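Respectively, the protein sequence lines represent chains A and B. The C-terminal residue of the first sequence carries number 252 in the UniProt record's numbering, and the numbering is unbroken. The C-terminal residue of the second sequence carries number 252 in the UniProt record's numbering, and the numbering is unbroken.
Don't read these hints as lab results, they were simulated from the structure. Here the structure is a predicted model, which means the values were calculated and not measured. Hints may be right or wrong, so weigh each one.
[Unchecked claim] Simulated crosslink set (EDC-like; lysine to aspartate or glutamate; CA at most 20 Å straight-line):
1) A:K149 with A:E207
2) A:K68 with A:E207
3) B:K11 with A:E207
4) B:K68 with B:E37
5) B:K149 with B:E207
6) A:K11 with A:E37
7) A:K149 with A:E108
8) B:K11 with A:D204
9) A:K11 with B:D204
10) A:K11 with B:E207
11) A:K11 with B:E205
12) B:K11 with A:E205
13) B:K149 with B:E65
14) A:K68 with A:D32
15) B:K149 with B:E205
16) B:K11 with B:D39
[As the list claims (entries may be wrong)] Derived CB-CB ranges, DEER-like:
17) B:D130 with A:E86: 16 to 24 Å
18) B:G26 with A:A139: 18 to 26 Å
19) A:R193 with B:G69: 41 to 49 Å
Think of the CB as a built atom: it goes at the ideal place given N, C-alpha and C, for glycine as much as any other residue.
There are 2 protein chains.
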Amino acid sequence: MTSQGGTRQPKYQRIADALRTAIQAGEYGPGDRLPGENDLMATYEVARMTARQALGVLQNEGLAEARKGAGVFVRAFKPLRRRGIERLAREQWGAGRSIWSEESEERELVVDQIDVREEEADGRVCDALDVPAGTRVWARSRRFVLDGKPVLFALSHLPSDIVADSAVTQVDTGPGGTYARLAELGFAPVHFREEIRSRMPSADEAERLSLAMGTPVIHIVRTAFAQGGRVVEVNEMTLDSASYVLEYDFDA
Amino acid sequence: MTSQGGTRQPKYQRIADALRTAIQAGEYGPGDRLPGENDLMATYEVARMTARQALGVLQNEGLAEARKGAGVFVRAFKPLRRRGIERLAREQWGAGRSIWSEESEERELVVDQIDVREEEADGRVCDALDVPAGTRVWARSRRFVLDGKPVLFALSHLPSDIVADSAVTQVDTGPGGTYARLAELGFAPVHFREEIRSRMPSADEAERLSLAMGTPVIHIVRTAFAQGGRVVEVNEMTLDSASYVLEYDFDA
Numbered sequence: 001m002t003s004q005g006g007t008r009q010p011k012y013q014r015i016a017d018a019l020r021t022a023i024q025a026g027e028y029g030p031g032d033r034l035p036g037e038n039d040l041m042a043t044y045e046v047a048r049m050t051a052r053q054a055l056g057v058l059q060n061e062g063l064a065e066a067r068k069g070a071g072v073f074v075r076a077f078k079p080l081r082r083r084g085i086e087r088l089a090r091e092q093w094g095a096g097r098s099i100w101s102e103e104s105e106e107r108e109l110v111v112d113q114i115d116v117r118e119e120e121a122d123g124r125v126c127d128a129l130d131v132p133a134g135t136r137v138w139a140r141s142r143r144f145v146l147d148g149k150p151v152l153f154a155l156s157h158l159p160s161d162i163v164a165d166s167a168v169t170q171v172d173t174g175p176g177g178t179y180a181r182l183a184e185l186g187f188a189p190v191h192f193r194e195e196i197r198s199r200m201p202s203a204d205e206a207e208r209l210s211l212a213m214g215t216p217v218i219h220i221v222r223t224a225f226a227q228g229g230r231v232v233e234v235n236e237m238t239l240d241s242a243s244y245v246l247e248y249d250f251d252a
Numbered sequence: 001m002t003s004q005g006g007t008r009q010p011k012y013q014r015i016a017d018a019l020r021t022a023i024q025a026g027e028y029g030p031g032d033r034l035p036g037e038n039d040l041m042a043t044y045e046v047a048r049m050t051a052r053q054a055l056g057v058l059q060n061e062g063l064a065e066a067r068k069g070a071g072v073f074v075r076a077f078k079p080l081r082r083r084g085i086e087r088l089a090r091e092q093w094g095a096g097r098s099i100w101s102e103e104s105e106e107r108e109l110v111v112d113q114i115d116v117r118e119e120e121a122d123g124r125v126c127d128a129l130d131v132p133a134g135t136r137v138w139a140r141s142r143r144f145v146l147d148g149k150p151v152l153f154a155l156s157h158l159p160s161d162i163v164a165d166s167a168v169t170q171v172d173t174g175p176g177g178t179y180a181r182l183a184e185l186g187f188a189p190v191h192f193r194e195e196i197r198s199r200m201p202s203a204d205e206a207e208r209l210s211l212a213m214g215t216p217v218i219h220i221v222r223t224a225f226a227q228g229g230r231v232v233e234v235n236e237m238t239l240d241s242a243s244y245v246l247e248y249d250f251d252a
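Whole structure, please, built from the sequences with the hints as guidance.
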């Protein structure tokens with residue numbers, strides 16, 4: 001193939017660019033195997049290390065993933081569409097539906113790593129709930145696994161003085177979930193705020209979500225407010241970015 | 001320091017965990033220098049490569065960044081708070097204010113790499129604008145640099161049949177920007193949809209945003225709809241994730 005000189009870009013970068021262009025043009029579709037090291041060595045007349053680096057670039061960008069012994073494949077990105085505003089509409093949980101029912105569609109959803117406990121809130125949680133230091137809270141932790149792939153884990157905190165004797169303290173919160181129970185207790189959420197950040201995962205997070213190399217997490221902190229402005233829940237969610245598109249629809 | 005065996009975790013990972021815990025506890029604040037390779041070698045009785053790997057873990061997670069010849073520092077994360085819904089309220093651009101004026105506050109904003117041109121829309125843009133193949137569109141491209149740091153670049157497309165003779169085709173779109181002009185043309189946006197993804201940047205994107213190692217980008221596609229549902233703009237934004245918190249506030 002091409003030129004000895006003229007461009008400042010290293011060879012592996014130029015090979016990665018060519019492969020990326022081919023992926024974006026659809027020449028390699030989701031799940032397709034990319035040319036292997038031997039193919040790239042022959043096509044581009046480069047050393048094995050250069051071919052490997054080129055494939056590494058695409059993996060680092062999250063465009064491709066290596067499967068042991070089988071090669072490097074275009075990532076099959078079939079994201080969940082998470083409709084930030086509609087999914088939290090009162091009609092949804094008020095009718096006893098799970099917030100999750102819409103977006104998981106016909107896919108198989110398993111909720112695991114469930115932990116529900118009462119504890120003394122730490123400083124960060126007290127700030128988020130706007131309660132004094134040492135306030136008792138219920139902590140609900142769980143992971144969502146869709147079609148066998150972990151896609152999200154969540155940790156929510158609710159003030160004990162509101163939820164102490166309700167099903168919010170149980171593993172199964174019942175039809176419509178936590179928000180339906182809060183409504184029965186006279187603390188229906190009327191307003192939500194979601195704060196979104198993205199960053200690379202810690203080793204723990206990567207393991208818990210079975211993340212491929214080069215996959216960031218999306219971190220969402222949702223605060224639920226009752227009438228009068230009291231914070232009734234703070235939910236911290238950590239999402240596999242390769243599994244999600246977040247959508248917010250709103251009027252001008 | 002500690003144990004020869006017992007845990008499965010590699011040494012560099014345990015050192016990284018200790019440093020991460022110290023950062024999260026505030027022992028090292030934003031902008032502080034972390035212990036160097038020599039310090040870690042002495043404290044943990046490890047080889048230089050192990051110390052380097054430990055610091056590499058924190059850089060890969062985006063918690064720390066290396067500065068040439070000076071060491072590795074806790075990243076100074078002073079994010080922009082981007083209020084997704086308020087910032088697009090009609091009162092904002094309708095009053096001749098820039099959508100940017102609220103979030104950039106008193107910081108110095110420079111808009112550069114500006115390019116405004118008419119072209120034939122490609123397939124992806126035609127799909128997004130919901131127009132036939134080959135439709136003429138105006139493409140507006142620019143980068144936002146805040147206090148000397150590039151934080152976002154954006155590429156928006158608008159149908160030529162709407163904007164052809166307006167200031168939308170000029171570098172300076174005038175008070176209130178593109179949306180104010182669309183309103184004057186009878187195509188005021190009444191509804192917006194924002195779709196959010198996160199992924200690692202390509203080499204080009206990393207360069208354009210001066211991204212530190214281990215920093216994902218957030219990708220936002222905003223679609224603006226006029227009364228009757230016609231799409232009047234599609235804007236693709238690429239954000240430095242370390243510079244942003246996205247916030248969406250809405251009622252249940």
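Here is how each hint holds up against the structure:
A distance of roughly 12 Å separates the Cα atoms of A:K149 and A:E207; the hinted pair therefore holds under the 20 Å criterion. Using a Cα cut-off of 20 Å, the hinted pair A:K68 and A:E207 holds, with the two alpha carbons roughly 17 Å apart. Restraint check for B:K11 and A:E207: the C-alpha separation of about 18 Å stays at or below 20 Å, so the hint holds. For the hint pairing B:K68 with B:E37, the CA-to-CA distance comes to about 14 Å; that is within 20 Å, so the pair holds.
Distance hint between B:K149 and B:E207 is fulfilled; the C-alpha atoms sit about 12 Å from each other, no more than 20 Å. The suggested pairing of A:K11 with A:E37 holds, with an alpha-carbon distance near 14 Å, which does not exceed 20 Å. At most 20 Å may separate the alpha-carbon atoms for a hinted pair to count; A:K149 and A:E108 meet this at roughly 10 Å. Straight-line distance between C-alpha atoms of B:K11 and A:D204 comes to about 15 Å, which keeps the hinted pair within the 20 Å bound.
A threshold of 20 Å between alpha carbons decides the hint, and for A:K11 with B:D204 the separation of about 15 Å falls inside it, so the pair holds. Taking the CA atoms of A:K11 and B:E207, the gap is about 18 Å. The hint holds against a cut of 20 Å. Pair hint A:K11 plus B:E205 holds up; C-alpha atoms about 19 Å apart against a cutoff of 20 Å. Distance check on the hinted pair: B:K11 and A:E205 sit about 19 Å apart at the alpha-carbon level, within 20 Å; holds.
The straight-line distance between the Cα atoms of B:K149 and B:E65 is roughly 15 Å, inside the 20 Å bound, and the hint therefore holds. Restraint check for A:K68 and A:D32: satisfied, since their Cα atoms lie roughly 15 Å apart, inside the 20 Å limit. Simply put, B:K149 and B:E205 have alpha-carbon atoms about 14 Å apart, close enough for the 20 Å limit, and the pair holds. Under the criterion of a C-alpha separation no larger than 20 Å, the hint pairing B:K11 with B:D39 is consistent with the structure, at around 15 Å.
Range check, B:D130 to A:E86: about 21 Å between beta-carbon atoms, so the 16 to 24 Å window is met. For B:G26 paired with A:A139, a C-beta distance near 22 Å keeps the hint of 18 to 26 Å intact. Taken as a hint, the range 41 to 49 Å holds for the pair A:R193 and B:G69, whose Cβ atoms sit roughly 42 Å apart.
Checked against the numbered hints above, the structure violates none of them.
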